[in-house]
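Can you make the complete structure from the sequences, with help from the hints?
The primary structure of each chain is shown beneath.
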Amino acid sequence: MILCQDVKFSYPGESFDLFVNSLSVDKGESIALVGPSGCGKTTLINLIAGILVPMSGSILINGVSVTGRSFARRQAFRLEKIGLVPQNFELLDYLTVSDNILTPIRLSGNGKPESEHFERVAELAGRTGMNDLLGKLPTELSQGERQRTALCRGLIGKPALILADEPTGNLDPENQERIVSLLLEEARMLEASVIMITHEPGLLGRFDRIVDLMDLRKGTDS
Amino acid sequence: MNRAGLFHLGLKYLAGNRGKTLLLVFAFTLVWLLPSAIAMLVGKVETHLRSRAMVTPLVLGSAGSDLELTFNALHFTKPNIATLTYRDALDVSASGLGDSIPLYARFTASDHRIVGTTIDYLRFRKFNYEQGRAFLRMGECVVGSAVATENGISVGDAIVSSPETLFDLAGVYPLRMTVAGILQPTGSPDDDAIFVDLKTTWIIEGLGHGHRNAEDTPETERLSTGSDGVVRLNASVLEYNEVTPETIDSFHFHGEQEDNPITAAIVIPNGTKEQALLKGRYASSKTLELVTPAEEINELFATVFSIQKVVIWMLVLVGIATLALGALTFILSYRLRDREFVSLRHIGASPGMLRGLIAFEGAFVLVSSLALSGAMLIVVDWIAPILIQRFW
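Those protein sequence lines, which keep their order, are chains U and V.
Take 2 as the starting number for the first sequence in this note's numbering and just add one per residue.
Take 22 as the starting number for the second sequence in this note's numbering and just add one per residue.
Derived DSSO-like pairs (lysine-lysine); straight-line CA-CA distance at most 27 Å:
1) V:33 - U:159
2) V:294 - V:147
3) U:137 - V:33
4) V:147 - V:300
5) U:159 - U:82
6) V:33 - U:82
7) V:41 - U:137
8) U:159 - U:137
9) U:28 - U:159
10) U:9 - U:82
11) V:99 - V:65
12) U:82 - U:113
13) V:307 - V:99
14) U:28 - U:9
15) U:113 - V:33
Since the hints were made in silico from the structure, they are not lab data.
What follows is the structure, given as structure tokens:
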């Protein structure tokens, strides 16, 4: 499903560099990506998502090279195939929870009727306990509620790959468990692969595999 | 790219920032509206003034401002222009070169101009009556349609002339006038005027009056009765403030009526040659002048158009500055929205989508302001005749 091979990346003018010898993730597999702060976990997520482009190496998703595509095609690919749950939520303040969740659909316009999308929003909101908050603005939400909104937005398009950057970072243990359960349950239903960055040791057991980025840098995948 | 989705996002942004959006739409609306509205209003005022000037061949008045004379004769404004005598108007008719219609447009009743004239004016303007008939005697009046509507007047009702100076005992006294007729709307200053016989305006001015016959007054109100039979009265003698069939005979003027004042006279020459002769006759006069209203209006609008051109250029410059400020507001707001655009890019928005979003928001403000200014122009077009009638 996902294959990263000899991926090398560095930010211009910065000493930081990332090298991933090899990382493969099977279809439907869930991975907890761990590693010390600043080791490049978010960078790797962004590389897989096609937000960043590696200096060298290749990243294949379902046999399609992400790195070899134009910016516009990478964006279209992400909209269609990838559900991204960013660390800082990245919600749009002028949109209600419902509209925020629907943003990827509105951008891609997958041709399905609006009612179908609203059913999906209601379904996700129901499972995350956000039913009563759909009409609210992000500024009226708690941190946990914003996180759940970002998660719903990542899942709305039924993606084949879910990339989550510490989605439980700001939550209490009860909400952490709730979010991870929903994420993995949804992934299982969609047969989607999951790569989730986390620092919570208590959550690691919920994943099929734990990958330490420091090991990847050394050339070992697990 | 999904256009419907982009429009939805754009509309949500504009609605979420409605204060900024409304301010921009309002500013842009003014940019489009002001020059167009000014041009439209000036055009309508020109048509309005020109149409009345074109059907009024010549105006005779006391030497002074040609334009003020024209406005007094055609629009019943400028009431304090210098007067000429009724005799001056009669001289035109006596010359055999044309006819004259005297006008005395100085006094008011209920904020409407009282125009003293002869029945010829009503014929000259080809008035039609909504109710009643023309004035036939002193103290009767014919009111314009707007006067009747605003004051709820019907034939048989009365209008009282406004006192010019409340505490001037020797000044103008209010006169109660009976409405003999109501004109149909004409869309001209006639709608706002009250037409009376010339003598009625002289009575309002105090040049004529009616009072109880001195011989009929009781002894207590007499100062003395001379051996010659002349009765001298004190100030308590009853002076009439209404001309009725019973009192009309007591109204009289001291002095020659031909020497009484008028503000203007419409002159209708018998032909082109007579018109030229009349103009030549008054060209050398030191006290009187004969003006051609159409020429005066042309001159006025030559000045108005040159001022309008300057004003519109200034508005265009202000408009360009406003549009530049609007564009700057957009650019700055997009810098402020950088985080939002990063989020949208992370979700999967392409550069084309973001450009489309920005273009939609800009176009929405432009189109909304154009639509709003268009709607306001329709309103201006609709209320222009009312404004013109009220102010010109």
